[in-house]
Amino acid sequence: MAVLVSNAQRRRPPARRRAPVRRIVGLSLTHLLLLGGGLVWLFPFLWTLGSSFKSPEGFFDKGLNPLPDGVHGANYSGAWEEASFGSYFVNTVVVAGGSVVLTLLATSMAGYVLARTNFPGRKLCIGLISVTLFLPHGYTIIPIFDIVRGLHLLNTLWAVIIVQSSSGLVFATFLFMGYFSTMDREIEDAAKVDGASFNQTFWRVMLPLSGPMLATVGLFTCISAWNSFFVPLVFTLSTPELRTMPVGMYSFLGENSTDWTFLCAGSVISLVPIVVIFLLLQRYFVNGIAGAVKG
Amino acid sequence: MQLLDTAAPSPAQRRPGAARPATRQKAGLWRRLWAARWSLLYIAPLMALLLTFVVYPIFGSLVYTLYRWNGIGSPEDFVGLDNFRQILQDSIFWRAVGHTFTYAIIVVPIQLAIALVLALVLNNKKLRFSSFYRTLYFLPVVTSPAVVAVVIQLMLSNFGDTLNGWLLDAHLIDTPVDWLGDPDIALGIIILVGIWQTLGYNLVYFLAGLQTIPEEVYEAAKIDGAGRLRTFFHITVPLLRPVGVMIVILAFIGSFQVFDLVQVLTGGGPFFATEVVNTYIYHLAFGGNQAQATEPNVGLASAASFFYGLMLIGFSVLQVLIFRSIFKRRAAGRA
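Here the protein sequences line up with chains L and V, keeping their order.
For the first sequence, my numbering gives the first residue as 375, with consecutive numbering after it.
For the second sequence, my numbering gives the first residue as 979, with consecutive numbering after it.
Read the hints as simulated data drawn from the structure, not as lab findings.
Computed from a predicted model, the values in this text were never measured in an experiment.
Among the hints, erroneous ones may be present.
[Unchecked claim] Below, simulated SDA-like cross-link-like pairs (lysine to any residue); rule was C-alpha separation at most 25 Å, straight line:
| id | chain 1 | residue 1 | chain 2 | residue 2 |
| --- | --- | --- | --- | --- |
| 1 | L | K436 | V | L1150 |
| 2 | L | K566 | V | A1013 |
| 3 | V | K1104 | L | K436 |
| 4 | V | K1103 | L | K436 |
| 5 | V | K1306 | V | L1150 |
| 6 | V | K1104 | V | V1215 |
| 7 | V | K1103 | L | P394 |
| 8 | V | K1104 | V | A1013 |
| 9 | L | K436 | V | K1200 |
| 10 | V | K1200 | L | L401 |
| 11 | V | K1103 | L | K566 |
Bound-form chain V, shown alone:
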């Protein structure tokens, strides 16, 4: 059947609208479609799902950014770009952006440093049970952030008092700490849980990267008498770089989208002290949280989300540019 002649596309396909008469080309198209009917049928479910539930909604939400709309019925109150203006002037939005960036900028380096050290230790061929340890440290990744957040709340509400007792006895604090109710501490707790919960991904990424480095390179370094630190900085780091760049970018993308943990742990409170962008948008779209009930405004939520999407794309591009310029300078320095 058509499988055998798949390698070479027909001339008409390669250059549509070339010298052929229009009618013949039309007949040819139908014939080609018929010949490829099974292929088309096989890809149809995926394309239908993607177009309906991924592509169309992106443009659909873009239309909503121009309306003031509470999500019920159809949008009628056209406000132009007013939603964007409102978002840009909303101090709570910028605080949410600040919290999200704080979260990412603290979580990513700490998490990657721990993951890299752990990966280096586990990559040691002489270390037995290393896959057991890998599984052990990876386990939080396969659990639900929402369930984990509930568990953490239970733990804090239970022995948070015990912990307070110890700290008071040790004279480290004067008054008991309200772990999730104190605006200064709640974000710190979220950051700690965030580091713990997603570290496993980076561990496995780093291990995969380390395994691409051939053993001979290390042996050669050993013969040359290079010490551990020297080997690490002159062999492991440069050879790990391509994978490392991917890991950093993926870690930032993941951190910028934090939602489940914050929504369940604090709901963005107390008084917006832990509001991240995704909880901010959720509250706009579905009408605030328990602390502050507001009228849902889907237009505003869509505008905030679209603007944040652009910010993230900008950040990713910036990241790539920074990495590229660092590598270029290094390469130039070496030459």
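Bound conformation, chain L alone:
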């Protein structure tokens, strides 16, 4: 250590004199690299956005260039009507919205009673939830398919909503359990003194207080449902009118591979809403991810 200190002392004076200039140059260089890298990083999206306004000829002439040869809004109306992206969009909104509502209801209620109450079978429930994390998740889509058929939900969007939601339930329940268990017990006691019933305590006091966690879980669920491919693919194999946007894009590419500007417009229709939602609520998303890795 002594060697280190003396070394540093010897080096320090010239370094200090140069420091501000060097730091400014260094930081500017960092910004330049980060911006340039970011432009490359987001290039596929910029190119898609630009290409969604190109004419079919311009699409080929312009190649790599993201700037369109004009503003061909017809791509959007074509994608929306001819390529059925209008109905795919509605389906996606229904699936994402339904998944968010179902997940938030089931996991916030369960997280609350698991964290704050004691009841016969509580440990069993926690054990079961934990075990599902470690069981080898096989190719369970076929048994799920059978159950959905048994419930007469086949060929409805309910099937996609329920099956899609069930994949994220365990994680969301753990998040709510953690959140409710750190909340102050006095809040509940105060509600009780005021004569609040079990239901009132949860719906009027505890749930509103868990706003940040509702946002985190809601956003996670919304993004994964919006982007989900496998579940809607399997459950809409025989009902093309129920396709969500990712599945619709995939089938459009397979069936009709010439209207590429329509596909670009479709991509934009699919990407923009979820990116906007993410940008608005991103701090909840980032907090949730960070919590997952630290916990």
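We have chain L already, so just place chain V on it with the hints.
Coordinates of chain V only, in the frame set by chain L:
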């Protein structure tokens, strides 16, 4: 109500079947169930969903592994463990395993290295707009892999020719490259897109990990005159280790499950050159792809999937053991 006395479980709960008479215990159980009726009602929807759509299907698919069954009607053709034998002897399955492992083993280290460097740069307190950059590099994560795969296909089919022109002019290649049709190159494209699409997760994980390291530690190192590299290897790396282990394990788990990208980009083709395990299983269960239509065999798909699940658990255990032995040796070396 029952909320107030939740802290202490009743003696009967702590030791079921203890000295109490059976009848009284039964009455006690009903009373306890009634007292906890709201709690039970609140957890019921979650348990119903989990049991029906998560737990039961795992065991349900285990039963299918014993049948030859095309997924229509109910399984009748019992074949015992024959499905497993068939999977183990299928060279395409092992090629798919090879492709999946190749994908993971290339994607994870490259992705983690880039993410760590980016996180270190963005963690600099003096760097302004760092959350803007974080959002920028994170953005591909929130987009659908299937949609991204379509976009990449459009880009490749459009300026793939342009790119070929440049490469031909530069005499780097003799014949134009078919980016997704060439068996040797298609997997490389999938790997590139995979690195790009999921890097954001690891960036945010690393940033979260870096923020748990207290600033004082760095200041102390600075006072001691430690250089940047020294600080990185002797402070950042050891303190980041617990989070780092989680990040590596999560990154591998995610990579082993790759499906959307491959299914949309190549469908596992050309000639199974990019078939990963999840597309292989999908093709078994739903009857092949455009290139090779086969009779669906749900039993075979379930067997492949169950076997792969076991492989992944084995791999995770191995990973944990390796990490543990590395840390132990390091700790011993230090002492």
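Cross-check of the supplied hints:
1. For the hint pairing L:K436 with V:L1150, the CA-to-CA distance comes to about 24 Å; that is within 25 Å, so the pair holds.
2. A threshold of 25 Å between alpha carbons decides the hint, and for L:K566 with V:A1013 the separation of about 16 Å falls inside it, so the pair holds.
3. A hinted pair counts as satisfied when its Cα atoms are at most 25 Å apart, and V:K1104 with L:K436 does not qualify at roughly 41 Å.
4. With a C-alpha separation of about 41 Å, the suggested pairing of V:K1103 with L:K436 is violated against the 25 Å cut-off.
5. A threshold of 25 Å between alpha carbons decides the hint, and for V:K1306 with V:L1150 the separation of about 48 Å lies outside it, so the pair is violated.
6. Taking the CA atoms of V:K1104 and V:V1215, the gap is about 21 Å. The hint holds against a cut of 25 Å.
7. Note on V:K1103 and L:P394: the hinted pairing holds, with a Cα-Cα distance of about 15 Å set against a maximum of 25 Å.
8. With a CA separation close to 57 Å, the supplied pair V:K1104 and V:A1013 exceeds the 25 Å bound.
9. The suggested pairing of L:K436 with V:K1200 is violated, with an alpha-carbon distance near 53 Å, which exceeds 25 Å.
10. The suggested pairing of V:K1200 with L:L401 holds, with an alpha-carbon distance near 19 Å, which does not exceed 25 Å.
11. Distance check on the hinted pair: V:K1103 and L:K566 sit about 46 Å apart at the alpha-carbon level, beyond 25 Å; violated.
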